[in-house]
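4 protein chains.
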Amino acid sequence: MKMVIFGGGSSYTPELVDGLIQRHADFPVSELALLDINEQRLETLAGLSRRMLARAGLPVAVTGTTDRARALDGATYVNSVIRVGGMEARIRDERVPLQHGVIGQETTGPGGMMKALRTIPVLLGLARDMERLCPDAWLINYTNPSGIMAEALGKHTRTPFVGLCNGPDGWIAAVLQAMQVPPERAVVDWLGLNHLGYVTRVWVDGHDATEQAVEAAAEHWRLAPDLIRTLGVIPCSYLAYYYHQPRLVEEARQPGHRTRGEVVREMEAELLRQYADPGLASKPDLLSQRGGGGYSEMAFNVMLALHHNRPTRQISQVLNQGALDDLPADASVEVPCLVDARGPRPLRMGAVPLAIRGLVQAVKAYESLTVQAAVEGSRRLALQALLAHPLVPSWEEAVALLDDLLEANRQWIPWA
Amino acid sequence: MKMVIFGGGSSYTPELVDGLIQRHADFPVSELALLDINEQRLETLAGLSRRMLARAGLPVAVTGTTDRARALDGATYVNSVIRVGGMEARIRDERVPLQHGVIGQETTGPGGMMKALRTIPVLLGLARDMERLCPDAWLINYTNPSGIMAEALGKHTRTPFVGLCNGPDGWIAAVLQAMQVPPERAVVDWLGLNHLGYVTRVWVDGHDATEQAVEAAAEHWRLAPDLIRTLGVIPCSYLAYYYHQPRLVEEARQPGHRTRGEVVREMEAELLRQYADPGLASKPDLLSQRGGGGYSEMAFNVMLALHHNRPTRQISQVLNQGALDDLPADASVEVPCLVDARGPRPLRMGAVPLAIRGLVQAVKAYESLTVQAAVEGSRRLALQALLAHPLVPSWEEAVALLDDLLEANRQWIPWA
Amino acid sequence: MKMVIFGGGSSYTPELVDGLIQRHADFPVSELALLDINEQRLETLAGLSRRMLARAGLPVAVTGTTDRARALDGATYVNSVIRVGGMEARIRDERVPLQHGVIGQETTGPGGMMKALRTIPVLLGLARDMERLCPDAWLINYTNPSGIMAEALGKHTRTPFVGLCNGPDGWIAAVLQAMQVPPERAVVDWLGLNHLGYVTRVWVDGHDATEQAVEAAAEHWRLAPDLIRTLGVIPCSYLAYYYHQPRLVEEARQPGHRTRGEVVREMEAELLRQYADPGLASKPDLLSQRGGGGYSEMAFNVMLALHHNRPTRQISQVLNQGALDDLPADASVEVPCLVDARGPRPLRMGAVPLAIRGLVQAVKAYESLTVQAAVEGSRRLALQALLAHPLVPSWEEAVALLDDLLEANRQWIPWA
Amino acid sequence: MKMVIFGGGSSYTPELVDGLIQRHADFPVSELALLDINEQRLETLAGLSRRMLARAGLPVAVTGTTDRARALDGATYVNSVIRVGGMEARIRDERVPLQHGVIGQETTGPGGMMKALRTIPVLLGLARDMERLCPDAWLINYTNPSGIMAEALGKHTRTPFVGLCNGPDGWIAAVLQAMQVPPERAVVDWLGLNHLGYVTRVWVDGHDATEQAVEAAAEHWRLAPDLIRTLGVIPCSYLAYYYHQPRLVEEARQPGHRTRGEVVREMEAELLRQYADPGLASKPDLLSQRGGGGYSEMAFNVMLALHHNRPTRQISQVLNQGALDDLPADASVEVPCLVDARGPRPLRMGAVPLAIRGLVQAVKAYESLTVQAAVEGSRRLALQALLAHPLVPSWEEAVALLDDLLEANRQWIPWA
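Protein chains in written order, with this note's numbering: chain U, -16 to 399; chain S, -16 to 399; chain Y, -16 to 399; chain R, -16 to 399.
The shape of chain U in the complex, shown without the other chains (with noise of 0.2 Å):
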């Protein structure tokens, strides 16, 4: 068995290597290639891992390398955690759209989009090779905005893949958490887009606890207690740039504000710096505050379900084929599927609340349009996405707001 990271200089690449040590007597990796653009953060990272894993006294050899055919030949899984255009990228994502008093973020609005036109043709670059190199090799996805990526690779590629977001499992977590219940006591709905996703339904002991759900979200939560009354169903916490957008936009420009990527930008310099220490052979403490922790868990129970064929229920992005009314069956959502031998299968969840299912239609579309945009390299049809987005306000500042962000990224999206 061979495991690769695509992205694999990556800072997260320490959970996964912690993951795979932990579980390794279940998912006997042999190899573990970490395949990247910069060599440099290669180096540091594959001497990470061989230390590592030589600590825990596992057989795995490791290589780091950026010839992509070297390290998908014999691939069994293929975890990608790339970047494209790295965080200076996700700087520009977060900052140019707030000067149009549009919310700037990595994945959500203009700048989710920008990071998606990037990506798409790298990934699918990625799919292709698989389907020459190791079509038997499954694709597991965690790269940004997961949803996206998911249509694009459903849409585009025949490589079998499934698309990860640690989001739904912690948000769902969180709401047990409030409601005082054990998880193995409940049975959780769960349905929408990847980061527009919604506990709609709440069982406890077999029995409809929603409202109780709902009340104690209402007191948790990032977003109005009142919204989430009203609208009877909990938001995840990125639903806030749609329900509080003016807001979140005026407290993201007051001056000294730091966004996300800068702030992690730096935590990521400090944290390259650990890992290069030739003294250090673990997960460093600050990692945990990186985020992303939980991804390491669900991929492996996702590898693991795919591996011994154990039937195992998983939130992940999928393309709908009817688990979600009034949505394209090639559209992508994310929904409870079942993961077993032969990936994830959707349940079907059916109508989406009436009181959230315009937003999810109207993201839907536009991120129909952003894959669409990638793949044929069309400024029109970007322009359409941007328009169809429910967070640009007009069509003039779709434009301006277009024009920046491509001038932003002419060195990723050559077509622009």
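Please keep in mind that the hints were generated in silico from the structure rather than gathered at the bench.
A portion of the hints provided could be inaccurate.
What the hints assert, rightly or not - Distance condition first, Cα-Cα at most 20 Å in a straight line; then the derived DMTMM-like pairs of lysine to aspartate or glutamate:
#  : chain 1 : residue 1 : chain 2 : residue 2
1  : R       : K138      : Y       : E251
2  : U       : K138      : U       : D152
3  : R       : K266      : R       : E253
4  : U       : K266      : U       : E251
5  : S       : K138      : S       : E114
6  : Y       : K266      : Y       : E251
7  : U       : K138      : S       : D309
8  : U       : K138      : U       : E114
9  : S       : K138      : U       : D56
10 : Y       : K138      : R       : D309
Every value quoted in this text rests on a predicted model; they were computed, and no experiment measured them.
Given chain U's structure and the hints, the job is docking chains S, Y and R onto it.
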């Protein structure tokens, strides 16, 4: 044959009487009942109607009454032109949202929602009376917002109805005129919701001429030319409220700006003065500036199709029933229909183009929530509706807007 | 305008020439090309056509040719009336199944399947030539089995086509006559597949009169009266093959029984003798017994709707596209359509009544398998199709039947 | 926890008691209520159950009662194993159709229809009593025809239920055994209706192995090997009644042939004699020949999934809700489900393969008509159902069959 005008004290009534006179040979109405709550207007309009019919030498009995049961007794066609709350309520619909930086408009946005909340109970009340008193009669509705009325009628009564708006025919005529193509050579696809419709395909002599239509419209339309080119379909002029809201709000907030309601209020006062003149026995010239002349033409075409079982193509507001993909079967849409003695049957238009799909779906969700709010008398659903409306920028604004709007409509929306 | 008759050596040709003469003012064809593989028949029919047109004083050039490219060059309307394998193949289609206790019929059952397998390659060949040689021309198809042809054309070519059968109009006329209701007062819903259609609703003067229609048909129909009452809808007469197969097979196996093909073969020989008479310059009386007079009427109505962009209601075989529930979008169905310059657009008929739904779906599956078998040239798919046919009683009979049928069609179905 | 067995006087009861004993630690039932209309059998089975539980040293109170309200009071899980009309009615279901040349079978064909008509009112009566008396309890149904029962329950009651049949698990196990593949390495798609299901895809170690599965099944199955190869999917053994009806009817009409009901009647008499022996405190060996051992295994797996909220994959009869294309949302189907505390949720299987689609749809229409006939007590709908059944060869036979079948069931189907 007995024709009823619900809201017969309206300034439109002479248009319908004029239409009746022109088509009497083909559509031999023997009684015309004007039904209204305003006795003075009834007297004025009944008088003018009698003079017009007398001058034409037609044996049509005219009654003006405030007694609904009397008016509906024996009715064959009931035309609804009511305006619940009158012109004063309309002006508040236009003014209140502007104070919140949101478009103020009779049918689009929060103003349209208030009009719907005022009107649905009255129109459903009429339809239920028709179920009892004249179950074979057709309700021909032009009361706005026509699409929301169609959904309320289709979901909550069994009265057969036709939902009409003279917009689509007018916009299509304008497109063809801009193309210099005579209508008989063209087939035009139209789809969307009422006041949210689009020309999506144009064929001339059986060949696709959509690009030429887009180009012709770009040069002659109220919306930005490049917007139309980017969309690749032609939005109806009401779409300006969505694509250009900030600019239109700014214009409407200029000192001295009069809303359409304010302009029409003055015109109506003058019209009613003229109607009361015992020497007048025809439509006055001023009426043509009031707008809505097309309604009479269209309404009689439809009534003739119903009466004579003449298959006629007519754009109408109907329950979707599969005409448009990814919208519920019982949601109203605006599409070409074949009308015969069985009423309108939608032609399948298929997928809503992706560039406009999200907007259509989002406004549809708002409309369906509005119907539900009116039928259940629920402030919470009204808040869901306003929050779902693409022109409302945030939860905070939705709450503030609803407070002010319901305050201004306390007389008409008692549950608020 | 150039009109082509594919199979122009057919005995039907004078019907079309007669229709052309009657409508020439409204439908000014300048050239009529008869295309056939039988030179002698071409000569006969071209001669008669010229004499008929000359007598009418119309300047229409008539050409008879075996050269498809020459015939299609410049064509506007191409009418297909071909019969691949001729009357001898039809008679084998009728005779072979009877030996297995299964109905022998030109369009229904195993015989119809053989006709489809012989015809699909030829008709698709024509349609593909039309794509190249006259891409704007319409293909008007009456070649049977018309529903299967429509599915083959709709799935496998881009040539615009109209699938026609004179059955539905005739059966509806018969129902209304039995009800003593003039057609202009009725609206009739028709749905199903070709030669598997049903009158499902009748309205007279806008009121539901389905029960009266069922009662009237029960008294005047080829099927058992109580069967029609039990179904509550009116099956077309071909449904007798499904509901009364054992009796009809027994009748057809009586000594001395002649199949319809055997009767028509004799009639056609006589017709061709008469056509060859240089003194004949009009349709002979005998032709009216041949059947199919309605085709000319219907075909010209459709060609006029196409040519003049006149919206016309016409039952037609079209891809389903959501017109009937629970059948695939790309399966052909038979429903009322609105025909204009863009061709036929199906009216949505909704759910197939449960009493007939399973039969319609089962025959549809057989039809789709037949199209696939013909296109792929696959004996296995042909066996799947026959096994799926409701009239074939078992696997064992399906195998035996297919062997005999393909043996009898070796010349026309080379892959078998 | 109180477990009820509806039809607790059944010879199956010791299987369920045995299952209960084996899983008591994980599924701590405190009361077992046997509910039946036969007091003598109740006494026998309650006695044996008490002896079995006593021998196992388990503190489970056993009650035998004919009082439904008493049995349901406080119930948690209600298992239905009733047989309305008893074995005598079953034998008539098997014998009457044979006289008409149609298969006689407990669940398939006209016999199954009679069983459904007898059983639906009783099972719906139970479910409605459960709505009132124990609204949180689950109904676990194995009473045949299980798919028709599921549709009746799903359409006409609010009682939560799980529809079970041990067939699919058994057939899948047989396929994998024929392939020599251990179950944990395989993922198997199953779809259709109850006793009309098919293995449509098999993956082994994540790779498609459907062709090997078909080949393995072809060699080991009750149906013709080439039939299975031709279909490309593996029919469950009940499909022999459809594909090989003439042969099976002939076999069943041989002199001396005993129906399955006749064989089981004898076995049951012997079982009941053994059960009555006060010295017996365990399942007798003979019970394993009765069949249905798998039911206990499956039923407890499902009850454990419900009770402990343990996600479990289980093929079940559920309302379709989009799991299979081209079947109504409220029609029951048989597909893999994920069962947790919320009950079974179908996994989407998508399109039914074309080679079997028509048969599945046709039988589904028959089943839905049967449910409607039973609920409305309508002979006309029963006739529609029988006419819609693919095994009934004509209208004439449908009428004759129905007369004889209803005559034989006069006691149980009073409306007939």
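Comparing the hints with the structure gives:
1. R:K138 to Y:E251: With Cα atoms ~57 Å apart, R:K138 and Y:E251 exceed 20 Å; violated.
2. U:K138 to U:D152: violated (26 Å)
3. R:K266 to R:E253: holds (13 Å)
4. U:K266 to U:E251: holds (13 Å)
5. S:K138 to S:E114: holds (14 Å)
6. Y:K266 to Y:E251: With a Cα-Cα distance of about 13 Å, the restraint between Y:K266 and Y:E251 holds, given a limit of 20 Å.
7. U:K138 to S:D309: Holds. U:K138 to S:D309 sits at ~19 Å (cutoff 20 Å).
8. U:K138 to U:E114: holds (14 Å)
9. S:K138 to U:D56: violated (59 Å)
10. Y:K138 to R:D309: Holds. Y:K138 to R:D309 sits at ~19 Å (cutoff 20 Å).
Violated hints for the displayed structure, listed by number in ascending order: 1, 2 and 9.
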